[in-house]
Structures are given as C-alpha cells and as structure tokens.
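Enquirer: Could you build the full structure based on these sequences and the hints that come with them?
Position one of the sequence shown corresponds to residue 735 (the working numbering), numbered consecutively onward.
Keep in mind the hints are simulated off the structure, nothing from the lab. Backbone N, C-alpha and C define an ideal beta-carbon position, used for all residues, glycine too. Just so you know, not all the hints are guaranteed correct.
[Claimed, not checked] Lysine-lysine pairs mimicking BS3-like chemistry, simulated, CA-CA at most 30 angstroms apart:
no. : residue 1 : residue 2
1   : K746      : K849
2   : K849      : K875
3   : K875      : K783
4   : K931      : K944
5   : K900      : K931
6   : K756      : K780
7   : K875      : K943
8   : K756      : K783
9   : K931      : K875
10  : K746      : K756
11  : K746      : K780
12  : K849      : K892
13  : K931      : K943
[To be verified] Restraint ranges, calculated between C-beta atoms of paired labels, are given here:
no. : residue 1 : residue 2 : range
14  : E883      : A848      : 45 to 55 angstroms
15  : L739      : G786      : 20 to 30 angstroms
16  : W940      : R744      : 32 to 42 angstroms
17  : W940      : G747      : 49 to 59 angstroms
18  : E886      : T938      : 15 to 25 angstroms
19  : R890      : E765      : 44 to 54 angstroms
20  : S772      : K931      : 27 to 37 angstroms
21  : R937      : R764      : 52 to 62 angstroms
22  : T938      : E765      : 56 to 66 angstroms
23  : R824      : F947      : 38 to 48 angstroms
24  : D815      : D945      : 37 to 47 angstroms
25  : E886      : K931      : 41 to 51 angstroms
26  : L899      : K783      : 32 to 42 angstroms
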Amino acid sequence: MRPTLFYDARLKGISPSGNGDKLIIEYQGREIFLPADSANAQHYEKRLKASGNEAGLIGLARQVRRRTSGNRRAGVFYRFDAYCDQTLRRAFDLDDYEYLDNSYNLNCIGWRNAKNPDGFLAPRGILPGEDGRFVSDNTEKYLFAIPFEFIELATRMKTDPATLLKTFIADTCNLQSTPELPRADGLSGRGTEALRKARDYLRTAWRLKKDFF
735 MRPTLFYDAR
745 LKGISPSGNG
755 DKLIIEYQGR
765 EIFLPADSAN
775 AQHYEKRLKA
785 SGNEAGLIGL
795 ARQVRRRTSG
805 NRRAGVFYRF
815 DAYCDQTLRR
825 AFDLDDYEYL
835 DNSYNLNCIG
845 WRNAKNPDGF
855 LAPRGILPGE
865 DGRFVSDNTE
875 KYLFAIPFEF
885 IELATRMKTD
895 PATLLKTFIA
905 DTCNLQSTPE
915 LPRADGLSGR
925 GTEALRKARD
935 YLRTAWRLKK
945 DFF
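Expert: This is the structure in structure tokens:
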C-alpha cells in the first residue's frame, strides 16, 4: 500500500497517460509515478516549464480524494505542494506527540532548513513558509447555538455554517494564510473588497466610528 504522504519528494515532471496525468516524483532514491489531481498537475507542469529547473521542486505529495465525472465514489489522487523554502526538510526525529489529544493545533512536527539546522517544531497540517516561518494557532473555542435559518442560508451557498463564520472572521480581522507565512488555524480572508465590506457591516450594525479599525 502506498503512503498517503511523501515528505521531501522531488517533483521531476508530469507524465500524461490514458488514465490521467501522473506525478513523477523522486522519493528516497526511487522514482515513483502517482495518479495526479488534474488541476494541481497542470499548475506544476506550467511552473516547471516556466522555471526551467531541471532538478525539479522539493515538496510534499499528499493523497486527496475527489469525484470524477461518471463515478459515484471518490477516486484517490495525489497533489503536490512545493516547499516555499526549498531547503526545508522533515525532521522525524524531532516529532513530539506528547500532547496529541489536545484540541489545539500544537507545534509537534519536526523540520529543519538552512536557517534552522538544529530543527524546529511546526503545527500538524501546514508546510512552514519562508525561513520556516508560520503563525501558531492561538484560537479559542466558543460553543453557541446556530439557528436553522443560518444553516439553511449556508446550505444554499453550498457551504457549512462554521466555514461561513470563519471566513467572515478572517475577512473582518484581515487574516491571510499564504505559502510564505501559513496560519496554523487555517483562517484566510477573501481579499481587500471582502475586508472593506465586512468592516462596513460591523460599523453599521454596531454603530462603530470610522476610525475603529
């Protein structure tokens, strides 16, 4: 059985085939062909051609599931995410799962890079950005009831209430998660226009002064 995560894989290219594109990666000295997520494969095929980097890109190949046309069940594919810092490498010897049952996204995954040769810990689920930087998870949980009308609204928007509220929070607070500086809490706003409208709503609904933000 193939692993679901290929850390420090070197993407060498994209191979087209009758059954869909394949990621060509070099992993632990072996060349491996993985069924590729089509959109992700197209993105990196263009990126590799544009860069002219024959050595390829170092990053993480991870398993994803998605439905394809004509299939009721989700198929298994792989997507590649290049490390923003190409000197970044996983340091499995530093992994610390002592508090794995904690509800917060703790820094417990080991990494090393050129700037931090002794290694450092980062949260599960993110790839550290430039120079190994990231924003730690400092969120607090609140439990409250959500009315059916809001749930119905979210459903009509083809999302869920939690995602809708998280996006509004990110827009209001101008939170951005980027490859260069990823956020462990996963919050990321929709941009300048969404930020302006979200803050305009708060000013109107709560009668805030223009200089509040």
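Enquirer: If any of the earlier hints don't hold here, list their numbers in rising order.
Expert: Result: hints 2, 3, 12, 16 and 25 break, sorted rising.
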